[in-house]
Amino acid sequence: MSHIFRTRRHVLATTGILGGAVLLQGPMALLSPAQARGIAPTPSMRGGSNNYRPNAPLVESLGSGFLVFGTVRRAQDGAALGNIRVQIWAATTLGGERDRRNHGSVLTRPDGSFQLEMMQIVPNFGQPHAHLAYDDGAFQTVFLRPVMPSPKDRSVRADFVLASA
Amino acid sequence: MPLAKGRNPLYAASIWFALSAIAIGPILIAATSPYLAYRGIAYILGGFAGIFCLSLMLFQALLAAGYLPAIGIAAARLWHRRAGSAIVILALLHVGGLYLTSPEDTLDALLLASPTPFSVYGVVALLGIVATALLVLLRRRLGIRYAAWRLIHNAMAFAVVLATIIHALQIEGAMGSFSKVLLCVAVLAATGGVLFDLRVLKPLFFRRRGGQTPCGGRDARR
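Residue numbers (the working numbering), protein chains in the order written: chain A, 1 to 165; chain B, 1 to 222.
This is chain B alone, in the form it adopts within the complex (with noise of 0.2 Å):
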């Protein structure tokens, strides 16, 4: 827990606090959007489910590797499971809403063949996190040992974070565009520094002592 300064209270709500403005500063900008008032309520609620989607992805990685000040690590490990549930129902609520808009644009984005360039980086996130949630329910039918599960979980995270954070960049619409960066570059910070620390400082720390090669983080395996 490199982040977790004893237990000073003020450390730990500076940290929340500062992670909570990146996270919700971008949603309230985007509401001011005058767009807003030219938009369907359909097209309105798919970009939020969207920009929410990327809200929740700052403390995904951050809550699974229980880097957090203040929140238990079984605490942090469920709130992830949660939001990895709502970000599962939020991606498929921002297709739906853009289906409901446009549904030539939207069938266009999902069959690749979509002028816009970042359409193809919103389907490799939307099928990364469609398969990031089958492989979460399926993990134990599967049969797949912990550790390489977590390493495909992880591997696979980055990947639908890294195809969001592209989509989110290039598009114009009712994002601010300071706020936008910001939080994708907080996004890329959080989830990049987690990977490396648990998949790379971590191992080569726990070699060098001669121990074992960790899966990683706190394990809160049930």
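Chain A on its own, in the form it takes in the complex (with noise of 0.2 Å):
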């Protein structure tokens, strides 16, 4: 009986992101490249600190079945930054948040693209959610806390846009 009510959840959730994008395809697409530029920074999310372990170590993986990814690029003009150090963590079938084998970091590539594979990401505390952090210094700290649609999803993605200190 859960399957129904978390289907029907997961069609409207899925439906509401079709829509967004096909919303977003529009204005996106008349943007020139020059106007693009203007990129402002990611905020920092709400409760996306928390459990935070600094200086995780760097892990090429901590697990499989759970793709985390994303890019970093630069604000004001949205250049990729490659050899930037995401911190990952978030509570999976392995255990919590505080888990250290729960907590990990990767290098961005030269096109600013990372992504760490670990377990599959459980609900913690009433929402399926990977925390991801840029905590280096060379530019402002962002802490991201990106919530799944779907308990089930075997990714998820979280993008930072940063802002030189």
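Incorrect hints may have been included.
[Said to hold, decoys possible] Calculated pairs, SDA-like style, for lysine to any residue (alpha carbon to alpha carbon, straight line, at most 25 Å):
| # | chain 1 | residue 1 | chain 2 | residue 2 |
| --- | --- | --- | --- | --- |
| 1 | A | Lys152 | B | Phe48 |
| 2 | A | Lys152 | B | Leu201 |
| 3 | A | Lys152 | B | Pro117 |
[As the list claims (entries may be wrong)] Here are some chain B residues the structure puts well away from chain A; computed CB gaps all over 12 Å:
| # | residue |
| --- | --- |
| 4 | Pro9 |
| 5 | Ala23 |
| 6 | Ile27 |
| 7 | Arg39 |
| 8 | Ala74 |
| 9 | Ala131 |
| 10 | Thr132 |
| 11 | Leu134 |
| 12 | Val136 |
| 13 | Ile171 |
| 14 | Leu188 |
| 15 | Leu201 |
| 16 | Lys202 |
The set of hints was computed from the structure by calculation and includes no laboratory data.
All C-beta atoms, glycine included, are put in the ideal place defined by N, C-alpha and C.
Combine both chains into one complex, guided by the hints.
Structure, rendered in structure tokens:
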């Protein structure tokens, strides 16, 4: 029975995202590259820094089955930032958000993209979500807390636009 | 006593069975959640304390009004007080368990700085429960008239029930979706139904007959 409810919510969420994407596509396509350059920095999200352990070690992965990914760009010109450390943590099938095994860092590639494979993220404190941090001084610190539309999702995306410190 | 159909034991048993199933079913389903394996003991106990709270709320209004079959009004009121005490303790255990699990998330919620939309309803319910408990303990000392006290108690209890239901429905956790919605609908129907009967229907009925407006239910005040 619970499947019906989850599925319906999933359908609604998916519809909402698709609808939003369609609405965004129009105006975004009209923006010329020159206009797109004025990129505002990403603000930290509420609760983003909760259970943060500074300087999580650089890892190849924290498990498998779930992907946290995104990009890091510079505010103003929107340039991709390579070799930037992104710290990631979440409650997974391994344990809670404070569990060391659920904390790891990755570096961005030259194109500004990053990804970390980890164990499946599970709902924590009522929402399935991940935490990401940029906290290395060259730019202003940003803590993100993206929420997954469904706890069954196998990935979550978070993008940083960093302002110089 | 609109629900009491004489002393038919089958009727009484079926009412109690249905209510118990609606209240206990969600607890059993939550106990089978795979999420429990990924959580610490404080988180699990804190979570179940919250579910027990919600389940107990199904009975509170029905007990207080004496609408349940096969239980006398004095016993019903006694169990209303016991369940009320349990709700206070369970709500505190709920917050305590969550605090041990993640102090930052719990403090964010209590300070209304949490990103989760359901936290504020949880805090409203918690404050309502604590205020209700204080009002129960201090009723005589405050010297509030019993009828006025009951009206305040009714209003606060209804606010707590509403806030708890909204809180529970928005949470993605160990509870099964269907059993949770069913329990929430039942709690709202029981509480709302009792209040509507006591505060709207009965006063109208009594007034039309020229009788005194009752303060509701059978009076078992001591």
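These are the hints, each one checked on the structure:
Between Lys152/A and Phe48/B, the direct Cα distance comes to roughly 23 Å. Compliance with the 25 Å bound is thereby established for this hinted pair. The hinted pair formed by Lys152/A and Leu201/B fails the criterion: a straight-line CA distance of about 47 Å is larger than 25 Å. The suggested pairing of Lys152/A with Pro117/B holds, with an alpha-carbon distance near 21 Å, which does not exceed 25 Å. Listed as outside the interface, Pro9/B is consistent with that label: its C-beta sits roughly 31 Å from the nearest C-beta of chain A, beyond the 12 Å cut-off.
At the 12 Å boundary, the C-beta of Ala23/B stays outside the reach of chain A, the nearest C-beta of that chain being 17 Å off. Non-interface call for Ile27/B relative to chain A: holds, since the shortest CB-CB distance, roughly 15 Å, exceeds 12 Å. Listed as outside the interface, Arg39/B is inconsistent with that label: its C-beta sits roughly 7 Å from the nearest C-beta of chain A, within the 12 Å cut-off. Taking the minimum C-beta to C-beta distance to chain A, about 39 Å, the non-interface status of Ala74/B holds against the 12 Å cut.
Annotated as non-interface, Ala131/B keeps its C-beta farther than 12 Å from every C-beta of chain A; the closest such distance is 24 Å. Distance to chain A confirms Thr132/B as a non-interface residue, since its nearest Cβ pair spans about 24 Å, more than 12 Å. At the 12 Å boundary, the C-beta of Leu134/B stays outside the reach of chain A, the nearest C-beta of that chain being 28 Å off. With a closest Cβ-Cβ approach of about 29 Å to chain A, Val136/B is found to remain outside the 12 Å limit, as its non-interface label requires.
Under the 12 Å C-beta cut-off, the non-interface status given to Ile171/B relative to chain A is violated; the minimum distance is some 4 Å. Residue-level check passed: Leu188/B sits 17 Å from the nearest beta carbon of chain A, beyond 12 Å. Distance check for Leu201/B against chain A: the nearest CB is about 34 Å away, which clears 12 Å, and the non-interface claim stands. The claim that Lys202/B is not at the interface with chain A holds, since no C-beta of that chain comes within 12 Å of its own (minimum 37 Å).
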